[in-house]
Every structure is written in C-alpha cells, then in structure tokens.
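Engineer: Chain A is fixed; fit chain B onto it per the hints.
Number of protein chains: 2
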Amino acid sequence: MSFSVTILGCSAALPTANRFPSAQLVSIRNRRYLVDCGEGAQMQLCRYGFSALQVNHVFISHLHGDHMFGLFGLISTMSMMGRRSPLHIYAPCGMQQILDDHLRYFGEGVSYSVEVHELCCERQSIILEDKHITVSTFPLYHRVPTCGFLFCEKTPPRNIFKEAIAKYSLPLCAIIAIKNGSDYTLPDGEVIPNEQLTYQPYAPRTYAYCSDTIACREVALAVQGADLLYHEATFADDMRDFAINRGHATARQAAQLARDAGVKRLIIGHFSSRYRSVDALVAEAQQVFPNTCAAKDGATFFLNQDLPFAD
Amino acid sequence: MSFSVTILGCSAALPTANRFPSAQLVSIRNRRYLVDCGEGAQMQLCRYGFSALQVNHVFISHLHGDHMFGLFGLISTMSMMGRRSPLHIYAPCGMQQILDDHLRYFGEGVSYSVEVHELCCERQSIILEDKHITVSTFPLYHRVPTCGFLFCEKTPPRNIFKEAIAKYSLPLCAIIAIKNGSDYTLPDGEVIPNEQLTYQPYAPRTYAYCSDTIACREVALAVQGADLLYHEATFADDMRDFAINRGHATARQAAQLARDAGVKRLIIGHFSSRYRSVDALVAEAQQVFPNTCAAKDGATFFLNQDLPFAD
Numbered sequence: 001m002s003f004s005v006t007i008l009g010c011s012a013a014l015p016t017a018n019r020f021p022s023a024q025l026v027s028i029r030n031r032r033y034l035v036d037c038g039e040g041a042q043m044q045l046c047r048y049g050f051s052a053l054q055v056n057h058v059f060i061s062h063l064h065g066d067h068m069f070g071l072f073g074l075i076s077t078m079s080m081m082g083r084r085s086p087l088h089i090y091a092p093c094g095m096q097q098i099l100d101d102h103l104r105y106f107g108e109g110v111s112y113s114v115e116v117h118e119l120c121c122e123r124q125s126i127i128l129e130d131k132h133i134t135v136s137t138f139p140l141y142h143r144v145p146t147c148g149f150l151f152c153e154k155t156p157p158r159n160i161f162k163e164a165i166a167k168y169s170l171p172l173c174a175i176i177a178i179k180n181g182s183d184y185t186l187p188d189g190e191v192i193p194n195e196q197l198t199y200q201p202y203a204p205r206t207y208a209y210c211s212d213t214i215a216c217r218e219v220a221l222a223v224q225g226a227d228l229l230y231h232e233a234t235f236a237d238d239m240r241d242f243a244i245n246r247g248h249a250t251a252r253q254a255a256q257l258a259r260d261a262g263v264k265r266l267i268i269g270h271f272s273s274r275y276r277s278v279d280a281l282v283a284e285a286q287q288v289f290p291n292t293c294a295a296k297d298g299a300t301f302f303l304n305q306d307l308p309f310a311d
Numbered sequence: 001m002s003f004s005v006t007i008l009g010c011s012a013a014l015p016t017a018n019r020f021p022s023a024q025l026v027s028i029r030n031r032r033y034l035v036d037c038g039e040g041a042q043m044q045l046c047r048y049g050f051s052a053l054q055v056n057h058v059f060i061s062h063l064h065g066d067h068m069f070g071l072f073g074l075i076s077t078m079s080m081m082g083r084r085s086p087l088h089i090y091a092p093c094g095m096q097q098i099l100d101d102h103l104r105y106f107g108e109g110v111s112y113s114v115e116v117h118e119l120c121c122e123r124q125s126i127i128l129e130d131k132h133i134t135v136s137t138f139p140l141y142h143r144v145p146t147c148g149f150l151f152c153e154k155t156p157p158r159n160i161f162k163e164a165i166a167k168y169s170l171p172l173c174a175i176i177a178i179k180n181g182s183d184y185t186l187p188d189g190e191v192i193p194n195e196q197l198t199y200q201p202y203a204p205r206t207y208a209y210c211s212d213t214i215a216c217r218e219v220a221l222a223v224q225g226a227d228l229l230y231h232e233a234t235f236a237d238d239m240r241d242f243a244i245n246r247g248h249a250t251a252r253q254a255a256q257l258a259r260d261a262g263v264k265r266l267i268i269g270h271f272s273s274r275y276r277s278v279d280a281l282v283a284e285a286q287q288v289f290p291n292t293c294a295a296k297d298g299a300t301f302f303l304n305q306d307l308p309f310a311d
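Protein chains in written order, with our numbering: chain A, 1 to 311; chain B, 1 to 311.
Treat each hint with caution, since some may be false.
Said to hold, decoys possible - Take a look, some chain B residues computed to stay more than 12 Å from chain A by CB distance:
#	residue
1	S27
2	E39
3	E108
4	A164
5	V282
Claimed, not checked - For the chain A half of the interface with chain B, some residues (derived, Cβ under 8 Å), not all of them:
#	residue
6	P15
7	A17
8	M43
9	C46
10	F69
11	F72
12	G73
13	T77
14	L99
15	D101
16	Y105
17	G109
18	S111
19	I126
What the hints assert, rightly or not - If you want the ones that stay clear, here's a sample from chain A, every Cβ over 12 Å from chain B, calculated:
#	residue
20	F20
21	S79
22	S182
23	L221
Simulated from the structure, these hints should not be mistaken for laboratory data. From the three backbone atoms N, C-alpha and C, an ideal C-beta is built for every residue, glycine too.
Pulled out of the complex, with its shape left as it was, chain A reads as follows (with noise of 0.2 Å):
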C-alpha cells in the first residue's frame, strides 16, 4: 500500500549541478511509474536504487526536450538489460514520429517493443487503469499541447467490523454478501444498514503532476483535493510578466493554486538555473500555502495513508 513519489529531476529546461532535468519515479504498491524523463533519468534512477527494469510505464508531459531526452538512453539501457516486455510510453502527439526516426538509427536489436499511446491534452481522461489505480490525463496550459497527469488510488473494498461478525453471528454467506455491500437482515426482520457493518479500510490517495503551465483556475479544479500536488515553480514571484510569457509559473502562484484546489501538500519544482538556492522561492509560497516543500534531486515524497479509517 506504499505510495511515493521520488524525485529524479527537478531543474527547469537548464540542468545544474545539483539539479537534473524533469523527472520523476511515482512508487505505488511495488508499480513504479516514470513521470517525464529528461536527460540523465536511467542514472538517476540508478543513483537513488531502482532498476531501470521496474518501468513498464512512462508518462511524458510535453514534447520539450527537457522532460524527454532521457528516454533515448534508457530504451537502449533496458534492452541491454534483458528487457522482454513492452514499454508502454503516454505522451502528446507527435512522440510516435521521434520515436520512430530514434528507432530507425538506434533501434537494432531492441528487445521489446516501445508502445506509445498519443494523449489528447486538451481535455481530462484515464490513460492507465488497473486494480489498484487510474492515471489520468489533464490540460496543462504550456507554450505546446501539455499534460498533467493525476495518479488516483481507486476506493478499497470496504472491510466488515469485527464486532459485528460477533454481534450478529454472521454466517460466511452474509460475510460475504456484506463485503459486497448488502445490507443484513436480522432474523426479527430488521435491517442493519451496510455502512454500519463495514468501513473504509484506507482514504484512497491522489497525487498530482503539473509540469510545465500557468497557474490557472482549470489546473485547480483538475488536481482538487490532491494529497500530494507538484507544481512548477520555474521562478519568484517577481518575474511573474515573464513567467506567464513563458507558460511558466510562480512559487506564489502555485501555492495559491495549491491554497485553491485544497490539496494537502505542496512539491514545488521545475526551478530555473538562475536560483541556485531555492529557499526564497518556498518561502514565498510558504507564505500563502504553509505545506510546500521544495523538490531536490534523489528525495521522496511518501504520501501517508490514513489508517485506520471510518466513515
């Protein structure tokens, strides 16, 4: 039931040194989930402890170099690894043609095939579901069709309490149509509504991305509620002219946006080369939305699961 988010890049289109491009690992019950993959992720991923081998999904934002250079690279990596199974690559139109070109030159004796599903960036949808999860897409608003992207735990099965099983003698049978949500007539007639037998075992958790974009009313509508929000910051707020001109954002406008959507915790990154020290730029957020950390480089961000938990 873990779920964490690891950062393997965090610098704007220019790296530093402490700083690679965009990326990012989103750990979630064993699956991990490659979240845009600049230039130097498989050495990042290999830095901090993961395998390369664990991504069967890599989510991919925009077509800006910076958020996909790294993808060359790590197919040639996980062929020389032994990889067998498909990859599967979400990103704006136009990744098939790179991919294709990229293959043509670099793609003799890749191992397994490169699935790309082209997203439509222009409105909300699920692109990856399973037991578990749902991934969806949102609009980003960028200077090229962008995507955000929201990793939702689905709503667990809920669990019977103990006590009632022993109150009411349950039989298996009722068990288990109790778990599947009916309700349970006693033998006198009456009728014990299900949530009173049964509980959430877990609030299902979110966590949303958001890179590149302004900060707008629609991205916080998107991510509403998140636990866990990363969003750009490529700079302070008093180059927020420039900022918009870019499609950027502010710290101070992402914590507004983060204050708006009513989300728990705040990662501020995508931080401009020019900041060397990003202090001043969660202090500015801190002061409208006290719960912002900035993201650096090999960090993780667990997203804490409220247990236990009844409704």
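Structural biologist: Below, chain B alone, put in the same frame as chain A:
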C-alpha cells in the same frame, strides 16, 4: 600551454551510479574540446565547473547511443545559454541525418548553426588544425565504423639561446632570421648552424583517445609515442574472447598496446557495469604497463610540459 583531459563519463554502454556514459573534455591552451558526448555530458560539464559555451568542437567516435545521446540536450542548452557561433561536430557518416531529423523536432529557436563534419573512419587524417594543434582521426576496430582521435601540439618555434645573442653580438635582423631557421655567418665567414643557436622550448605533447575498439597493431601504430593514451578496457582479461567478439578490449590488452606503442601514460576506461570496483582491471594492466591508471568521472589528467627542453 596547459593541456589536460577531464573525464566526464567512463562507463561502457550501461551507466552506473558513479560512471556516466563516455564523454571527456580535452583542454588545450584554454580551448575546450568535447570528445564523445554520452547522456549527461552537459550535467557533468556543469558539475565539474565548465560551461557548455566553452565548447566549440565536439568529436564523436561512433554512432552508438552511449557516445552521443548527450548531444541532444547539449545543443538545446547551448542555445538557451545564448550561443551564436557555430558548433562543429565531427563524427562518422550518418550523424548529419540523425541531427537533421533531431533538429526537425527540436531545432526551433536554436540560435546558432550546427555544422556536422562527417568523417571517414578508414584512414588517418587531420580534421582540425589551428596555430597550436592538430586533431587527427584514425581507424578503430569496433562493431560499427569508429574513429580514434589524436590531439597533437605542433612543434613550437625554436627560441634563441640568450648566451648566443651575447656571444655573437647578434643584431635584431639576424635574431629574426635565426628564429625563422637560418644559420648565422660570422664576419670571418664561419657558419654557426641554427641548431647551435636555438632550442625547442618544449616538447610537443600528444593525447590519443581510443574508445571503443579491439586492441590491435594498427591502433598501436596510430598512437605511437603518445604522452597520454586513453584506451578502453571494457572487460578483464578472463573475458577476452567475449571482448573481441563484441569489438572491445580487456585491461591487459590495453596495457599491452600501450607498451607496444611506447606511450608514456595510459588511462583505461569504458568499464563494463559488471565491475563495481575497477581495481582489479588496473592491477591487471599495471602488470604489463605500470604507468596505468583508471578513468574516473570528474578526474583531470594533466599532460606535463618537459620544460625547458633542449635537443
């Protein structure tokens, strides 16, 4: 008159937590030459205190990803840093098409021209020359066409011994003529040969780069007498059959080549990810050629100037 080599990456195809893919910076008289450009080369430049803008010439040994995937990010970064002068890229045939395709997707707004010089990998030739150095390419023997590179200082103009000026009361016009190679004729008709009047101020230095290749006689001939040789040693000698089959060399073979070529110092690199420590490879090489050391990301090797040098 400085001449040094800084290792930016010395892994074989699979990078590790401590070794980036192949790239190094050759610095001669404050000019910087990038040799190979594996993924992350731009971040390594930054980490080790160099600016990408210092590089005007990039030499790519062959078109395998681990030697060139860093070019894409570097080209973008140079543009964002405001580069205006052309960037010259020397590489085997095929690079022009690869970069044309790349720039079709990612070249919008690139603020300078990328000049590709495609190389013939089958013969030795001078590919760059200025007042102080020549850069030559020579054939390596890998699975695809591969070029080695030789950075040679030119023989410096000879200096006149101060004692000779006094002894023969040389007038200015004679000094200029002698510096240009003339002998000097005394009033009594005796001719003093130029080599008695002048000396070579320093021995011109040579750096040879060989990655990837099998270690063979042809390569030894090409790097004959180099002051410093970087030679790949992907494997230890217990894997020599596998190495040759993959177009690679072992540490022992690299050392034998260094000895046979009469070079002064050997750096081994391009280490397979199977070697967490490369101590055993260095020890194996040193048994044959004691003046061997291991490449390490961030290490700088200086080519000392034999000063003063009188022949």
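Engineer: Checking hints one by one. Is A:D101 an interface residue toward chain B, by the C-beta closer than 8 Å rule?
Structural biologist: For A:D101, the interface hint holds, since the closest Cβ of chain B sits about 5 Å away, which is under 8 Å.
Engineer: Holds or violated: is the Cβ of A:F69 closer than 8 Å to a Cβ in chain B?
Structural biologist: 5 Å, holds
Engineer: Please check whether A:T77 passes as an interface residue: C-beta within 8 Å of a C-beta belonging to chain B.
Structural biologist: With a closest approach of 6 Å, the A:T77 hint holds.
Engineer: Does the interface hint hold: is A:S111 within less than 8 Å of chain B, judged Cβ to Cβ?
Structural biologist: Constraint on A:S111 not satisfied, violated at 14 Å.
Engineer: How about A:G109: closest beta carbon in chain B under 8 Å, or not?
Structural biologist: Since the shortest Cβ distance to chain B is 11 Å, the answer is violated.
Engineer: For B:E108, is the shortest beta carbon distance to chain A beyond 12 Å?
Structural biologist: 10 Å, violated
Engineer: With a cut-off of 8 Å, does the beta carbon of A:C46 approach a beta carbon of chain B closely enough for the hint to hold?
Structural biologist: 5 Å, holds
Engineer: Verify that the Cβ of A:L221 lies farther than 12 Å from every Cβ atom of chain B, and report whether the claim holds or is violated.
Structural biologist: 31 Å, holds
Engineer: Are A:F72 and chain B close enough, Cβ to Cβ, to be under 8 Å, as the hint says?
Structural biologist: 5 Å, holds
Engineer: For the hint on A:A17, just tell me whether its beta-carbon gets within less than 8 Å of chain B.
Structural biologist: Status holds, d = 5 Å.
Engineer: Minimum Cβ separation between B:V282 and chain A greater than 12 Å?
Structural biologist: 23 Å, holds
Engineer: Would the least Cβ to Cβ distance between A:F20 and chain B come out above 12 Å?
Structural biologist: Per Cβ check, A:F20 is inside 12 Å of chain B; nearest 6 Å; violated.
In this structure, the earlier hints numbered 2, 3, 14, 17, 18, 19, 20, 21 are contradicted, and the remaining ones agree with it.
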